[in-house]
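Add chain Y to chain H, keeping to what the hints say.
2 protein chains.
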Amino acid sequence: MSAIKDLTAFQRQTEALAQVMGRLGWDQETMMPAGAAEQRGEEMAALETVLHARRTDPRLSEWLATAEPGDEAQAAALRLIRRSYERNSKVPADLAAQIVRTTSRAHHIWVEARAKDDVAAFLPILQEVLTLRQREAEALAKGGDLYDALLDDYEPGMTGVALQAMFAELRPRLVALRERVAESDVAPQPPTGTSSKPEQLALSEEIAAVFGYDRTRGRIDEAVHPFSSGSGADVRITTRVDEGDPLGCLYSTIHEVGHATYEQNIAPGFALTPLGQGVSMGVHESQSRIYENQLGRSRAFTSWLYGRMVDRFGPLNVDDEDAFHATINQVHPGFIRTEADEVHYNLHILMRFDLERALLTGDLAVGDLEAAWNDRFAADFGVAVDRPSNGVLQDVHWSAGLIGYFPTYTLGNVYAGCLHAALRRDLPGLDDQMSRGDLAPALAWLKEHLQRHGGLREPRATIEHATGGEVSAAPLLDYLDGKFGAIYKV
Amino acid sequence: MSAIKDLTAFQRQTEALAQVMGRLGWDQETMMPAGAAEQRGEEMAALETVLHARRTDPRLSEWLATAEPGDEAQAAALRLIRRSYERNSKVPADLAAQIVRTTSRAHHIWVEARAKDDVAAFLPILQEVLTLRQREAEALAKGGDLYDALLDDYEPGMTGVALQAMFAELRPRLVALRERVAESDVAPQPPTGTSSKPEQLALSEEIAAVFGYDRTRGRIDEAVHPFSSGSGADVRITTRVDEGDPLGCLYSTIHEVGHATYEQNIAPGFALTPLGQGVSMGVHESQSRIYENQLGRSRAFTSWLYGRMVDRFGPLNVDDEDAFHATINQVHPGFIRTEADEVHYNLHILMRFDLERALLTGDLAVGDLEAAWNDRFAADFGVAVDRPSNGVLQDVHWSAGLIGYFPTYTLGNVYAGCLHAALRRDLPGLDDQMSRGDLAPALAWLKEHLQRHGGLREPRATIEHATGGEVSAAPLLDYLDGKFGAIYKV
Chain H
1 MSAIKDLTAF QRQTEALAQV MGRLGWDQET MMPAGAAEQR GEEMAALETV
51 LHARRTDPRL SEWLATAEPG DEAQAAALRL IRRSYERNSK VPADLAAQIV
101 RTTSRAHHIW VEARAKDDVA AFLPILQEVL TLRQREAEAL AKGGDLYDAL
151 LDDYEPGMTG VALQAMFAEL RPRLVALRER VAESDVAPQP PTGTSSKPEQ
201 LALSEEIAAV FGYDRTRGRI DEAVHPFSSG SGADVRITTR VDEGDPLGCL
251 YSTIHEVGHA TYEQNIAPGF ALTPLGQGVS MGVHESQSRI YENQLGRSRA
301 FTSWLYGRMV DRFGPLNVDD EDAFHATINQ VHPGFIRTEA DEVHYNLHIL
351 MRFDLERALL TGDLAVGDLE AAWNDRFAAD FGVAVDRPSN GVLQDVHWSA
401 GLIGYFPTYT LGNVYAGCLH AALRRDLPGL DDQMSRGDLA PALAWLKEHL
451 QRHGGLREPR ATIEHATGGE VSAAPLLDYL DGKFGAIYKV
Chain Y
1001 MSAIKDLTAF QRQTEALAQV MGRLGWDQET MMPAGAAEQR GEEMAALETV
1051 LHARRTDPRL SEWLATAEPG DEAQAAALRL IRRSYERNSK VPADLAAQIV
1101 RTTSRAHHIW VEARAKDDVA AFLPILQEVL TLRQREAEAL AKGGDLYDAL
1151 LDDYEPGMTG VALQAMFAEL RPRLVALRER VAESDVAPQP PTGTSSKPEQ
1201 LALSEEIAAV FGYDRTRGRI DEAVHPFSSG SGADVRITTR VDEGDPLGCL
1251 YSTIHEVGHA TYEQNIAPGF ALTPLGQGVS MGVHESQSRI YENQLGRSRA
1301 FTSWLYGRMV DRFGPLNVDD EDAFHATINQ VHPGFIRTEA DEVHYNLHIL
1351 MRFDLERALL TGDLAVGDLE AAWNDRFAAD FGVAVDRPSN GVLQDVHWSA
1401 GLIGYFPTYT LGNVYAGCLH AALRRDLPGL DDQMSRGDLA PALAWLKEHL
1451 QRHGGLREPR ATIEHATGGE VSAAPLLDYL DGKFGAIYKV
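If you're matching them up, the sequences are chains H and Y in order.
Residue numbering for the first sequence is 1 to 490, as defined by this note's numbering.
Residue numbering for the second sequence is 1001 to 1490, as defined by this note's numbering.
The following block holds chain H by itself, in its conformation from the complex:
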């Protein structure tokens, strides 16, 4: 009895300190004065040292050996603590520290290389980062699959082989859909016009509330790259404003609200325990994407939104609700992943998954990465990359050593497809509700079936518990074919 009590109390402090780390990250991106960057690095490194020592504290091993869980939640918490302890204990401290130092250096080099479109300047540090992550993967995998060892940090239980199979199903149908849309005569009016920052922020705040975001336990600020941060009673989001694009701020906000309300809706009893956060990156992304896309870009919801925007901003430069819906869902084969529409988005990810997996296993040399990227892009997008900042240098992930992270974006979309199908099955009045701006029933369904459970089940089991069925790429593909087939009449 004492072991579970001591372990629980110790873990609660660790979780609280992890929240503090989240606050520092938030502050760094929103409030911190520029001159404090170096000192902040030391503050975060000191806290990381404390966290690492606690996650590998020898007492954890003793407690775990004898702790008897009192219920399902405690059993799940013990499972997560054990996994964290074992993972953290496998990586030598000096390797972990070297990864932190090297990726910090790599970030600056990447920023400069991207600004100068200079791939050659980036490749040596990328090789260093890759080598370190390979060593880490070897330490974690202990003879098993290297990619799976890294992936496990972001999506526990998922494997590269399973992703490969899922992505093999997605790719031909996505490419086919992209080609049909490209040949369509339908050309939605592009969104134009401007709206001021205060107007955009006010609309975003209103819509954040419509999507269930509780600002008494959160706040909205501006940041260059929007994110959601924190768990439990303090979940903050950021957004960005482009006065020439009246929709970017709004949909960025809805996306982050999906992440944030997932955290806010976890059972309060799970707060400051290992169950008190979203269970994986993939499941997290399923929430941000279903909020943003399946709900936020639906014909029903955008018809209501159209009215709200006309009320706020006066007549928009689109003919009617149908045109507004088409504008919001415009398909365009751009170079940049973060700006991609629903049809192209996963094609970006599938490419990165194949490339990073080949880099990690050594099947692709760092020196051949750019050519491999450009070949694949031409094949899947039908356009040639014009410059490295629109190609291989566009994303921050690899410089940060985040290998295994990219596929969770598409996994999130696949999960969102499954959840959306189950939601429509259970809520036949969904479109009626959304067309009145009433998202409450859909949000209640997501909270009840998925969000409140936090880390109670493994990621895939979390989705399957919510939907009552197997995870499959088919619902996402059917949804995309149906939606964009209708808009583009293909």
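Since the hints were derived computationally from the structure, they do not count as laboratory data.
Don't be surprised by glycine CBs; every beta carbon is placed ideally from N, CA and C.
One or more hints might be untrue.
[Said to hold, decoys possible] Incomplete in silico selection of chain Y near chain H, CB under 10 Å:
hint, residue
1, Q1013
2, E1015
3, M1021
4, M1032
5, A1036
6, A1037
7, E1038
8, T1049
9, D1057
10, R1059
11, R1217
12, G1232
13, R1236
14, R1240
15, G1429
Just chain Y now, with coordinates in the frame of chain H:
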């Protein structure tokens, strides 16, 4: 050699974590959503547990036993680490935890009691807090003076007896000055008019820069009770705005800029070491007060400020620069310490010092506190307290267990008096400079003689090093007599 290296590295992390605690405090008062308060309490408690464990880490004792300082700064750092280790090791962990819990409870009871003017509701918890602090003082003093043991946390090296002697010199001359002013026929025009929040904040930002505040390593936000927070490269201040009072925000900002620039001007090499912060509460207050009063409320500076305010806001409702100076320095025997002018301020502190010292030693019973307060107030201020929220319930300190803190405010004023005399001795052109809005020579003098040295010397030695003379109350009294004698023609 290894001991000093290991100790320095360990201490650097502790200092970085202490900075993190400061950030959490800042966030709590400026940014944190209301619903996060309870969780934040757990986050700060977890970090406090980490900090306490590090401050009493047994390795400190081993390192301290063999560490050989390489220079004066290292020797000073070792002295401060040893003092911290010894103090923290003397207080049993369960007593420290009980003080945290009880003062947290006491805070809420005090807030409610003050709102209801209900002294009886506050006294039981005050007795609890007092008893706990008495036990702590006994643990620290080991037979020595109880008040000195607590005072040492805020003003190392200072004693109650020394303060008593200094305050005995202050009290009769302050009371005499107050009485002369009260009988004067001069009645400065009260500040009236309004200026909007953005206007006040813009002026405050301009004047903060005039007083040397570096916003690339800091920022200014609003808070209910203004404060300065952080050390090194991240020193933030807060201010408050009352649209009916065009001067409150400004002088609150100047006060906090005094605290903040002290931190910003400490030698960069001292950052994240025990020398990298202001050396004591008293020395800190000397900086905030000399900025706010001896410089900021001087005839020379206010003549320049008058012009700036007329430029910004148009004609003010005062006749000329003299009237503006008198308005800014209006003397009024109010009940509230934080609103007090320079003449009355220290009379508030002297009273609290005598009362809290008597409470701690047991010479004054908690049940007799209100009567003792009211008697003393009538004697020193010539006015009867009208209600407890204007009397014994006005300040947060005692509910927080901060016994020994109050006298550092007056000590700061005394130090400021000494520094001001030395500054005038060394800078004969000071008034000319200030009347052009040029504070750079005065600020450079303070940085060179005092601020850059951080915690290198003990507090009193820090002041005496800066001034080249003994600490004495006389310069402050002479300054007050001269300034208010001139304004009130007494």
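Handout entry: Hint check, failures only
Key = Violated hints (numbers, rising): 9, 10, 14 and 15; every other hint is consistent with the structure.
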